[in-house]
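Visitor: Sequence:
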Amino acid sequence: MSGATRDLVPASLTALVSGRPADEGVRDPVDGDTWLRRLPGTLDEILAAQDLAVDGRPRHGVSAIVLPVRRQGRPAVLKVSWPHAEAAHEHLALRAWDGTGAVRLLAADPARWALLLERLNPDQALSSEPVLDACETVGRLHALLDRPALPRLDTASAWCGRIRERLTSSPPPVPPRVVDQGVRLAAELAEDAEVDARLVHSDLHDGNVLRVPEEVAPRVGTVDGWLAIDPKPLAGELALTIAPLLWNRWDEAVRAHHLRNHLRFRVDYACDAAGINPARARAWTILRELDNAWWAAREPDGHERITQAVAIIKAMQD
Numbered sequence: 089m090s091g092a093t094r095d096l097v098p099a100s101l102t103a104l105v106s107g108r109p110a111d112e113g114v115r116d117p118v119d120g121d122t123w124l125r126r127l128p129g130t131l132d133e134i135l136a137a138q139d140l141a142v143d144g145r146p147r148h149g150v151s152a153i154v155l156p157v158r159r160q161g162r163p164a165v166l167k168v169s170w171p172h173a174e175a176a177h178e179h180l181a182l183r184a185w186d187g188t189g190a191v192r193l194l195a196a197d198p199a200r201w202a203l204l205l206e207r208l209n210p211d212q213a214l215s216s217e218p219v220l221d222a223c224e225t226v227g228r229l230h231a232l233l234d235r236p237a238l239p240r241l242d243t244a245s246a247w248c249g250r251i252r253e254r255l256t257s258s259p260p261p262v263p264p265r266v267v268d269q270g271v272r273l274a275a276e277l278a279e280d281a282e283v284d285a286r287l288v289h290s291d292l293h294d295g296n297v298l299r300v301p302e303e304v305a306p307r308v309g310t311v312d313g314w315l316a317i318d319p320k321p322l323a324g325e326l327a328l329t330i331a332p333l334l335w336n337r338w339d340e341a342v343r344a345h346h347l348r349n350h351l352r353f354r355v356d357y358a359c360d361a362a363g364i365n366p367a368r369a370r371a372w373t374i375l376r377e378l379d380n381a382w383w384a385a386r387e388p389d390g391h392e393r394i395t396q397a398v399a400i401i402k403a404m405q406d
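Note that the sequence shown covers residues 89 to 406 in our numbering.
Among these hints, one or two may not hold up.
[Claimed, not checked] Distance condition first, Cα-Cα at most 25 Å in a straight line; then the derived SDA-like pairs of lysine to any residue:
id, residue 1, residue 2
1, Lys320, Leu124
2, Lys320, Arg250
3, Lys402, Glu174
4, Lys320, Asp95
5, Lys402, Val271
6, Lys320, Asp116
7, Lys320, Ala281
8, Lys320, Asp406
9, Lys402, Arg307
10, Lys402, Val304
11, Lys402, Glu387
12, Lys320, Gln160
13, Lys402, Leu273
14, Lys402, Ala341
15, Lys320, Glu174
To be clear, the hints were calculated from the coordinates, so they are not data collected in a lab.
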């Protein structure tokens, strides 16, 4: 292991992943501390095996390191993730999309949880655009990404079942009538014959959309030069994908003259561009926010997130 590779692991990523228990729902689970200890050696192995040269500073999300690299002189990025369920099938979705609507997959090493991806502009995210314009762009991206579901993916119907069980057995601290509505929605949404029919990016918001570099444009398969990244693929329906557009850029929502109208405008802009029934999207948003509230209730500082969830739910109710 080279000292240079060890130095590529940012201290901020170490702080995020350190102490995490292993995700037992994946192949070869590993706790965060063990993964971090092995990461420099893993990077050395991948860089050598794929003949990659690092040519920029590392970046990271909450569970993965992203290195700008060159392969045979061409720019790319290497993404290596801590093993967790949401990342397990990322390579399958990217391969299915094949660069249409999403970043192009150049190579995958699933055993090492590593992806080699085309390089987009990390400094130009869709979150730099006006929020309603961004919602419309995300809707158009969902339309490009829409295709039949893949095998092996988690399903929306199973997701509904898990949420319903959580709401029934240990409801979050929200009004009981809202919990009752969630239990009912979980059953109703799962009953639709097409609920598991499509391949969807379940965490597509404007922070997960980057622009193609100017030197690469024009590139086919984009929405005005924008592409989705970091998919959390699910066998589901497009209506469930709208919710992340509401809990992101929350500071702008609370500054709006009328919170309810502003959030519903976000839904309508995205749904109109994607061809989604807004009422169905609002129902899914209520259910997903109840689940977010359930998880937040298990965090020591989750009160603000629960308050946010309740505000979004109220805005989605008719």
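Visitor: Decide, hint by hint, whether the structure agrees.
Guide: Each hint, compared with the structure:
For the hint linking Lys320 to Leu124, the alpha-carbon distance of about 22 Å falls within 25 Å, and the restraint holds. Of the supplied pair hints, the one linking Lys320 and Arg250 holds, its CA atoms being roughly 17 Å apart against a limit of 25 Å. For the hint pairing Lys402 with Glu174, the CA-to-CA distance comes to about 28 Å; that exceeds 25 Å, so the pair is violated. Distance hint between Lys320 and Asp95 is unfulfilled; the C-alpha atoms sit about 29 Å from each other, more than 25 Å.
For a cut-off of 25 Å, the pair hint linking Lys402 to Val271 stands: about 16 Å separates their Cα positions. This hinted pair checks out: Lys320 and Asp116 have alpha carbons roughly 19 Å apart, not beyond 25 Å. Simply put, Lys320 and Ala281 have alpha-carbon atoms about 22 Å apart, close enough for the 25 Å limit, and the pair holds. Between Lys320 and Asp406 the CA atoms are separated by roughly 29 Å; this puts the pair beyond 25 Å, and the hint is violated.
For the proposed pair Lys402 and Arg307, the alpha carbon gap of about 41 Å is over 25 Å, so the pair is violated. As the CA atoms of Lys402 and Val304 are separated by approximately 44 Å, the hinted pair breaks the 25 Å bound. The suggested pairing of Lys402 with Glu387 holds, with an alpha-carbon distance near 23 Å, which does not exceed 25 Å. A hinted pair counts as satisfied when its Cα atoms are at most 25 Å apart, and Lys320 with Gln160 does not qualify at roughly 30 Å.
A C-alpha spacing of about 15 Å is found between Lys402 and Leu273, which places the hinted pair at or below 25 Å, so the restraint holds. Annotation: proposed proximity of Lys402 to Ala341 holds, straight-line Cα distance about 14 Å (limit 25 Å). For the hint pairing Lys320 with Glu174, the CA-to-CA distance comes to about 6 Å; that is within 25 Å, so the pair holds.
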